[in-house]
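Number of protein chains: 4
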Amino acid sequence: MAHARLRDLGLSTGSLPTGQWNAITDVAGVAVGYATIATDEPLSLRTGITAIWPRGPAIWTDAVFAGFHSFNGNGEMTGLPWIEEQGLIGAPVAITNTFSVGIVRDAIAALAVRAGAPQRFHLPVVAETYDGWLSESETFPITTAHAFAALDEARSGPLAEGNVGGGTGMICHQFKGGTGTASRLVEDKGESFVVGALVQANYGAREMLRVDGVPVGREIGPDLVPLPRPQSDAGSIIVVLATDAPLLPIQCKRLARRATTGLAWAGGLGANGSGDIFLAFSTANHIRIGEPATEVGMLAPERMTNLFQAAAEATEEAILNALTAAETMTGRQGRTVYALPHDRLIEVMRRFRPPLG
Amino acid sequence: MAHARLRDLGLSTGSLPTGQWNAITDVAGVAVGYATIATDEPLSLRTGITAIWPRGPAIWTDAVFAGFHSFNGNGEMTGLPWIEEQGLIGAPVAITNTFSVGIVRDAIAALAVRAGAPQRFHLPVVAETYDGWLSESETFPITTAHAFAALDEARSGPLAEGNVGGGTGMICHQFKGGTGTASRLVEDKGESFVVGALVQANYGAREMLRVDGVPVGREIGPDLVPLPRPQSDAGSIIVVLATDAPLLPIQCKRLARRATTGLAWAGGLGANGSGDIFLAFSTANHIRIGEPATEVGMLAPERMTNLFQAAAEATEEAILNALTAAETMTGRQGRTVYALPHDRLIEVMRRFRPPLG
Amino acid sequence: MAHARLRDLGLSTGSLPTGQWNAITDVAGVAVGYATIATDEPLSLRTGITAIWPRGPAIWTDAVFAGFHSFNGNGEMTGLPWIEEQGLIGAPVAITNTFSVGIVRDAIAALAVRAGAPQRFHLPVVAETYDGWLSESETFPITTAHAFAALDEARSGPLAEGNVGGGTGMICHQFKGGTGTASRLVEDKGESFVVGALVQANYGAREMLRVDGVPVGREIGPDLVPLPRPQSDAGSIIVVLATDAPLLPIQCKRLARRATTGLAWAGGLGANGSGDIFLAFSTANHIRIGEPATEVGMLAPERMTNLFQAAAEATEEAILNALTAAETMTGRQGRTVYALPHDRLIEVMRRFRPPLG
Amino acid sequence: MAHARLRDLGLSTGSLPTGQWNAITDVAGVAVGYATIATDEPLSLRTGITAIWPRGPAIWTDAVFAGFHSFNGNGEMTGLPWIEEQGLIGAPVAITNTFSVGIVRDAIAALAVRAGAPQRFHLPVVAETYDGWLSESETFPITTAHAFAALDEARSGPLAEGNVGGGTGMICHQFKGGTGTASRLVEDKGESFVVGALVQANYGAREMLRVDGVPVGREIGPDLVPLPRPQSDAGSIIVVLATDAPLLPIQCKRLARRATTGLAWAGGLGANGSGDIFLAFSTANHIRIGEPATEVGMLAPERMTNLFQAAAEATEEAILNALTAAETMTGRQGRTVYALPHDRLIEVMRRFRPPLG
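Protein chains in written order, with the working numbering: chain D, 6 to 362; chain S, 6 to 362; chain X, 6 to 362; chain C, 6 to 362.
The set of hints was computed from the structure by calculation and includes no laboratory data. Bear in mind that the values here come from a model prediction, so they are computed numbers and not experimental data. Watch out, some of these pointers could steer you wrong.
The list treats identical chains as interchangeable, and a pair is accepted whether it falls inside one copy or across any two copies.
Computed list of lysine to any residue pairs in SDA-like fashion (alpha-carbon distance at most 20 Å, straight line) [as the list claims (entries may be wrong)]:
{"no.": "1", "residue 1": "Lys-194", "residue 2": "Glu-352"}
{"no.": "2", "residue 1": "Lys-194", "residue 2": "Ala-289"}
{"no.": "3", "residue 1": "Lys-194", "residue 2": "Arg-293"}
{"no.": "4", "residue 1": "Lys-194", "residue 2": "Leu-232"}
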């Protein structure tokens with residue numbers, strides 16, 4: 006079964022238009038890089054790192070506003086006290102496996118030192134989801150070099166999805182999960198804003214999966230596609246939202262909270278074992294080190310609703326893109342996680358969506 | 006069109022079984038009372054109060070654990086610093102219109118004084134949604150007597166829904182909204198817990214409404230049923246969740262957060278103008294004034310996932326019950342808000358839900 | 006014993022200079038009004054209302070940024086979900102007794118309606134402390150007219166302190182407490198900012214009271230001045246901080262948190278029964294209804310430390326001003342609360358502060 | 006100048022009695038270990054790790070309740086989303102330098118794997134303060150072996166203080182800072198509880214330092230003892246509070262917040278550049294993996310005030326112990342940070358504290 010995006014299959018969700026690449030990189034300046042680690046000797050590894058630069062290397066001296074929401078905090082995202090206090094991100098952000106948060110975090114701090122970043126404090130934001138069912142990640146296989154590779158490789162434009170980067174070994178709704186992205190455009194009062202999402206999707210029970218409201222997970226049951234790991238409430242999802250709308254930190258936090266809505270539409274309810282932590286940043290304002298005061302733009306609160314919808318839709322579609330892009334994977338101990346079968350997905354959607362009158 | 010509950014129409018959502026009454030009163034001890042105010046002279050009023058006793062009059066000396074989540078805080082719920090600090094509720098809770106929060110709050114404090122409630126501080130929890138499109142509520146028509154009436158009238162068992170109590174004049178997804186309730190049972194390790202929801206639903210855009218994932222709002226457009234007030238992002242939703250599972254305050258907060266999921270399933274995304282504030286309490290533990298220490302039960306974290314699903318499903322169905330129970334209402338300035346038409350709802354659901362093979 | 010301010014006694018705390026009035030009204034545009042209720046027939050009342058206009062009547066259409074911190078939430082401050090969500094205040098703020106929060110809250114909503122305030126939602130901020138030891142406030146004696154009187158009477162310039170407004174019947178460190186205010190100037194990079202504090206001080210144990218670090222409370226024990234009500238951990242303190250420094254909502258929240266520091270210096274540790282809730286707002290930015298976007302100023306984070314010190318010092322001195330300004334009061338049931346005796350205070354301070362070498 | 010504790014100098018603060026060791030280890034089961042790294046070749050290092058086991062190795066299967074407070078979040082403490090969500094700690098906690106958070110965090114995760122810890126997720130709590138003025142820590146000198154050493158070396162009983170463990174290279178109030186500890190006993194209703202504090206103190210301006218309210222920092226100015234690094238608002242303080250009182254997670258959070266009070270008494274106000282993050286845990290309740298439900302004890306809220314005072318006093322004295330125990334240190338580039346001189350401290354205290362009449 007070939008790698009595809011949801012829209013490649015003739016399917017879609019939501020009502021807002023997408024950006025050019027339907028990716029987080031539609032937000033100008035955002036660059037994404039991956040390190041993907043898949044080996045069988047000496048260790049069986051299916052893991053990696055996803056690096057996100059909010060505005061390329063300028064980020065070291067020109068911070069973005071940010072906010073987060075922890076919908077279910079059984080996961081890690083470092084750097085949260087700083088974001089809560091200052092509403093700023095001044096470094097690249099990364100997502101990896103549970104056991105490698107520390108080394109990737111320190112690697113970004115090292116890069117900051119190397120870059121001569123003038124901040125006194127280096128408090129990188131690194132998040133994780135757990136890939137131990139397919140990967141021997143508890144051997145701590147990820148190195149500083151891997152982290153640098155992901156950070157160096159970052160680019161704009163269309164992005165790989167599915168079994169790549171931090172998402173390599175992930176499982177979502179008991180199908181093969183991984184990395185996904187999407188974006189939405191908001192046209193408002195003669196201005197156009199974009200909201201992009203990138204997810205590392207590793208959560209959820211099969212029977213909860215919905216695509217545009219259709220109960221796809223119930224219709225493609227274990228008789229059709231075998232289930233992987235028994236615990237359906239394991240796993241997590243990290244969502245990173247980016248926008249070029251001028252938001253203050255308090256508004257970024259509001260945006261981050263709407264990843265909950267997109268996650269719910271896809272069938273996620275923040276199961277107990279899940280680390281569902283959401284980050285949002287806005288590239289519109291430039292907070293440069295050394296300025297005594299900064300003039301910043303704030304979108305009127307009344308205009309946030311459209312951005313909320315964009316954030317929810319982009320999150321939902323990014324999850325679905327992770328599912329349709331991921332391919333069946335066999336890893337550790339010969340365990341296999343099956344991809345969401347495209348033909349059955351299309352069949353179910355056709356059955357539940359009547360032809361337009 | 007007659008008053009009905011969703012299941013009266015042969016429809017349902019979610020997968021868990023309901024409690025006996027499919028209502029928040031399925032949690033033993035919970036009692037609900039309404040004051041409904043609908044007059045046309047001298048003022049055009051469509052408003053009221055909903056009172057919820059977590060365990061009847063015992064609540065004054067035997068508090069319940071509680072937690073809250075503000076998904077979008079453009080609304081009021083008094084008493085929040087106390088809940089955040091202590092995780093306790095020791096008084097009845099009420100929901101009313103935006104302009105009457107104060108008088109209802111003071112009325113509950115007065116009742117506490119009258120009851121000789123031994124707490125030194127009286128910090129009642131009163132929430133609101135806005136009914137000013139149908140009701141001249143900005144005239145402050147609600148009195149202490151109305152509040153006492155709602156509190157006195159509280160009972161267990163089946164509940165009225167739709168245009169009653171605090172929900173009398175509300176609008177939801179641009180249909181007539183109001184008060185709704187539902188419940189779910191969780192069977193786990195030989196134990197049975199119930200989670201009940203009561204909502205005051207006054208939020209949302211027509212085109213976002215979903216019933217079990219079906220885009221009902223898009224299918225029943227303005228050509229079929231006229232839209233009321235122009236701003237679709239006005240309004241709010243208050244959700245009160247009750248359970249008999251033994252939860253600590255920190256776990257009640259987790260439960261409250263899952264109202265977000267049920268709201269998302271129904272099509273709500275916390276629009277900017279919306280006060281989407283959720284309260285959850287657990288009746289299992291008894292925190293009696295004067296005890297130097299209390300032994301309390303804590304459900305294992307791993308068992309929360311089922312409760313989360315119950316909370317999300319109960320919230321979703323409570324919203325839908327508010328919609329199907331509400332009847333078309335004409336109020337202030339002759340404005341009319343139309344109920345969700347049952348026949349069309351059934352027709353759309355049939356069209357989007359294929360017959361079982 | 007005459008009413009005095011701390012500095013009238015030749016005493017002071019902190020190291021930053023004060024503003025012109027050493028009051029919250031040193032922040033341009035801030036106006037404060039009181040309603041003071043002291044009767045013995047038919048009820049024994051020692052209560053009132055303090056109203057604070059962040060920028061006079063312009064506040065209805067030109068909001069200020071704000072943030073809050075609840076150090077110990079056994080108290081009420083309404084309007085918190087809105088401040089947490091939007092970081093805005095668009096109405097006057099009030100402080101009163103525990104039982105009158107509701108009526109004062111609704112009165113401000115009524116004033117908003119009367120003023121034709123264009124906001125769709127009216128979510129006033131009203132806080133409280135408990136004066137029931139000296140006042141029969143549980144009879145709900147405060148009326149809408151009292152609230153309007155306090156709001157109407159507001160003015161700039163020097164303020165009355167001690168037994169006035171909401172502070173009328175309060176007890177602080179087991180001396181007579183009440184309303185106090187102070188301010189500090191921050192000179193930084195050629196700019197001058199002011200931070201003003203107003204407190205309603207009703208908390209604390211005698212033996213914890215400190216003045217500039219000197220254990221005044223231990224030195225002026227019950228043998229010298231009798232103690233009032235037995236529970237030293239009853240009571241609360243509300244702190245309102247205002248500044249003209251250009252702060253974002255996230256920065257106002259940081260400032261509010263520093264009231265904790267000033268409170269600690271005076272000897273308060275947020276006893277269990279205390280509602281220690283702090284509000285901070287900045288008048289520098291103007292958030293006008295109807296603007297699609299707003300350019301706002303943000304002070305560099307590195308410049309916040311001086312403001313933190315100003316907030317802590319102003320809070321500390323405002324508490325001490327409440328104590329030195331309050332006069333011995335006899336109220337309900339003939340109960341007497343004694344003022345902090347100025348002569349003994351001066352004597353203790355002299356004893357513990359060596360003459361400069 | 007010899008290493009000493011505050012009480013060795015005949016000085017003290019607060020009014021509650023101390024525990025046996027006047028240390029966090031007075032809480033039964035708490036063990037503390039250090040790795041201290043001080044080399045001049047090839048790198049000039051003054052750094053280390055402090056490891057805290059809440060109840061020895063049993064912690065892997067028998068979690069403690071916990072809560073945190075970030076007074077000023079310009080620092081890192083990993084594991085916070087999990088604590089906020091579940092209120093549990095199930096692993097040792099560590100404090101190190103800013104650049105080594107990651108490696109120490111991963112080391113604890115590795116130890117969990119090695120211990121066969123049955124939790125599915127490994128979310129260690131590791132905090133930091135910055136020691137780069139005296140130490141070339143940005144070379145990332147700390148290794149997994151160092152972390153294991155600190156964890157292995159942990160013991161109960163009296164603890165080393167000052168230039169040890171994570172505190173090795175720290176600066177506090179512009180004197181030499183480091184690691185400090187203290188404890189307080191609370192006798193209440195025939196029960197005795199202990200509250201212990203351990204701090205890594207690296208914050209503050211000289212002129213703000215107070216000892217029992219006496220302005221020691223102002224009295225021992227730069228003319229008497231030279232100042233180190235110019236920025237007085239750099240640095241941070243991590244406070245870990247432990248107690249054997251039966252607290253729920255929500256109560257641990259309350260306790261953590263009182264470190265703010267003790268910090269304020271010593272002269273700290275959470276300067277902008279400071280990461281002032283406080284953790285509190287209670288060993289009284291046992292949350293064992295695999296139990297379907299757990300009976301836990303909750304201290305009555307009314308009894309918290311004494312614990313608050315204990316937490317504030319223990320924090321204050323732990324800071325002062327860090328200062329009196331630390332010895333003058335010369336490190337990186339020959340920079341010297343001078344210890345607080347004991348003789349002058351005693352002299353100032355004598356001058357400001359009149360002989361008892």
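Consistency of the hints with the structure:
1. For a Cα distance limit of 20 Å, the shortest separation of Lys-194 from Glu-352 qualifies neither inside one copy, at 40 Å, nor across copies, at 37 Å.
2. In this homomeric assembly, Lys-194 and Ala-289 come within 20 Å of each other (Cα to Cα) only inside a single copy, at 17 Å, whereas the closest approach across copies is 27 Å.
3. Taking the shortest Cα distances, Lys-194 and Arg-293 sit within 20 Å of each other only across copies (17 Å), while inside one copy they are farther apart (29 Å).
4. Neither within a single protomer nor between protomers do Lys-194 and Leu-232 lie at most 20 Å apart by alpha-carbon distance, with minima of 48 Å and 23 Å respectively.
Hint check: violations occur at hints 1 and 4; the rest are consistent with the structure.
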